[in-house]
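Take the sequences, apply the hints, and build the full model.
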Amino acid sequence: MPPRLLPFVAAACVAFPATAQVRVQAGIGLAASSALVEDFIVKPITVRPALAPTLWFALDGRLDPTYRIGVGLGVARSTLRQHTEGQTSDIVTCSRIFGTMACWVEQHTEQLTYDIVTLTVWQPTIRVSRTLNALEVGARGGLQIYQAAQPIGLFLYGGTITPTVGVDAGLPGLRLGSLRVGLTADWMISRFSTSTLRLFGFRGKQMAHRFGLRIAVAGGHRAP
Amino acid sequence: MHRSTMVVAAVAGLACQTLEPPAREPSYPFTDFTTGQLVFRWTADRLPVRYFVTPGSEAILNDVRDAIQLWERELLFGEFRGVVANDSGSADVILRVVSRNDVNPPSPCRGVTAFAVDGTRLAQPFAVTVTWQESFTAAEVAACLRRVTIHEIGHTLGLFAHSDDPADIMASNPTVQALSLRDRRTLEILYHTTPDLGPPLEEVSP
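Residue numbers (our numbering), protein chains in the order written: chain H, 29 to 252; chain P, 13 to 218.
It cannot be assumed that every hint is accurate.
Among the chain H residues that face chain P by a calculated CB cut under 10 Å, a handful are [as the list claims (entries may be wrong)]:
#1 Leu64
#2 Phe68
#3 Thr141
#4 Tyr142
#5 Gly181
#6 Arg219
#7 Thr224
#8 Phe228
#9 Arg231
#10 Lys233
#11 Gln234
No lab work stands behind these hints, which were simulated from the structure alone.
Ideal Cβ positions, reconstructed from N, Cα and C, are used throughout, including at glycine.
Encoded structure:
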C-alpha cells in the first residue's frame, strides 16, 4: 500500500463513534475506463486502461437516521493499452451468386493495439450514502492514484494523483446469515495528466470516466 | 440561474475537458535513397529490439545502454524498447568497435550502420561499426563514441536519412550529445507511419 494512503486508513479508524453500527464491506468487480490520452500522430491514437479486475474494501457507519458515512479503498490492475488505427487497404472479394460471378471491394482498416505497461489504480474515497426506495445510493469523493509498474512512456517520470468524484447505486441483494451480498455500480470522474505529458508539451487535462461493477459482502456489528 | 442548473453546467463543462496534444512540427525526412524511400520501423510484436555488442567492443557497452534509453524516452506510448542481448544469434543489431591510426583524421570517431533489404524485409540484423582514432585524447574519443553511438542507434530505429540541422543528433556529422525536439518529432512520426519494410525474420528453434 502506498504511504500516501495511510491518512485514509487512519481516517477509517477514527471516523465512527464507538456506539455506531459499523458496517464492513469487501468486494470484487470490474472497472472500465475511458481514454486517458487522445492524440494524433499521423493517425488517431487512444490510450486507455484495459478492463480491470478490482478489489474493494470499505467501512461505514450511521451519520444520522437517514445517511451513512464511510471510507473505501479500491484497487484495480490492468494493462495500459495504446490503440492506433492501422493501414487502410482495399480487399476484393468475389463470389458466384445465382451462377454469376460478383465482386465487391471492402475497405479494411488494420487495428493496432498493444500493451504499454501494467497500471495499478488506487482509489481511496470518502462516501456518503442513503437508502432510496430499494437502492442504496451514494456520492463519493477522494483520490485516484495511477501507478505504473515501470517508468515508461507517459509514466516515464512517475505516476499521478488526481482528485475524483462520483456516484454509485447498489442493490442490497441476498442475506446470508449475518452477511449481505450486494451488487453495486459506480461512476467516477477525474482529470488526468502526468508530468511526462506536460513535459512533452501537452496542455490541460483529460476528463477520465471510470465505470465499475462489483459484488460486495457486507457485515456489521454494534460496538459496546 | 438555479443552483442545480449551475451544478449540472459545471459538471458538464468538466466532463468535456480534454488534454491538448502539442504541435508536432517540424521534422526531417527519415527515408533515404538506399531503401528506395521505403519506411522501416520496429513493430510492437518485435520489441524489445536486441542489441549485441561484440566481444572486444565493450568500450561502447554503456554508451549503447544510454543511447537505447535516450531513444526510448522520446516516445510517449512505449512504441520502442531495446535491450542489450547476451548472444549474437538472437540479436537484431550487432555493434562493434575498431581502432585505427590514420594520418590527420577529421574526427575522433565515425560510425556506419549497414543493412540489406530482401524484398519487403531486412535480410539480416543491422551491423553497426564504430571506428575511433588513436591519435585523439581519451576524452575526445569518449565524447565522440557517445554521440556517434546515439546517432547510429537512431539509424537502427529506422531514421535512415540525415538531418540538415547540426543541432539534431541525426545530422550527418553529429556534434551534440542529446536529442533535439526535431529528433523527437521525427521519431514520433516514424513510429506512427505504416512501414513498408519488415524486420529480419526471427530464427526459429527446431
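Is the shortest C-beta separation between H:Lys233 and chain P less than 10 Å?
-> With a minimum Cβ separation of about 6 Å from chain P (threshold 10 Å), the hint on H:Lys233 holds.
Against chain P, with CB atoms and a cut of 10 Å, does the hint on H:Phe68 hold up?
-> The hint holds - H:Phe68 has a Cβ within 10 Å of chain P, the shortest such distance being about 6 Å.
Interface restraint verdict for H:Tyr142 against chain P (beta-carbon cut-off 10 Å) = holds, 4 Å
Closer than 10 Å between Cβ atoms is the bar; does H:Arg219 clear it against chain P? Give me holds or violated.
-> holds, 6 Å
With chain P as the partner, please determine if H:Gly181 meets the hint condition of a C-beta pair closer than 10 Å.
-> Hint on H:Gly181: holds, closest Cβ of chain P at ~4 Å, below 10 Å.
So, H:Thr141 near chain P? Judge it on the closest CB pair being under 10 Å.
-> holds, 9 Å
Satisfaction of the H:Phe228 interface hint, Cβ to chain P closer than 10 Å | holds, 6 Å
Classify the hint on H:Leu64 as holds or violated, based on whether any CB of chain P lies nearer than 10 Å to its CB.
-> Result: holds, 8 Å to nearest chain P Cβ.
Hint check: is the beta carbon of H:Gln234 less than 10 Å from a beta carbon of chain P?
-> holds, 4 Å
Restraint check, 10 Å cut-off on beta carbons, for H:Arg231 near chain P = holds, 5 Å
Hinted contact H:Thr224 with chain P - closest CB pair below 10 Å = holds, 7 Å
Consistency note: the structure conflicts with none of the earlier hints.
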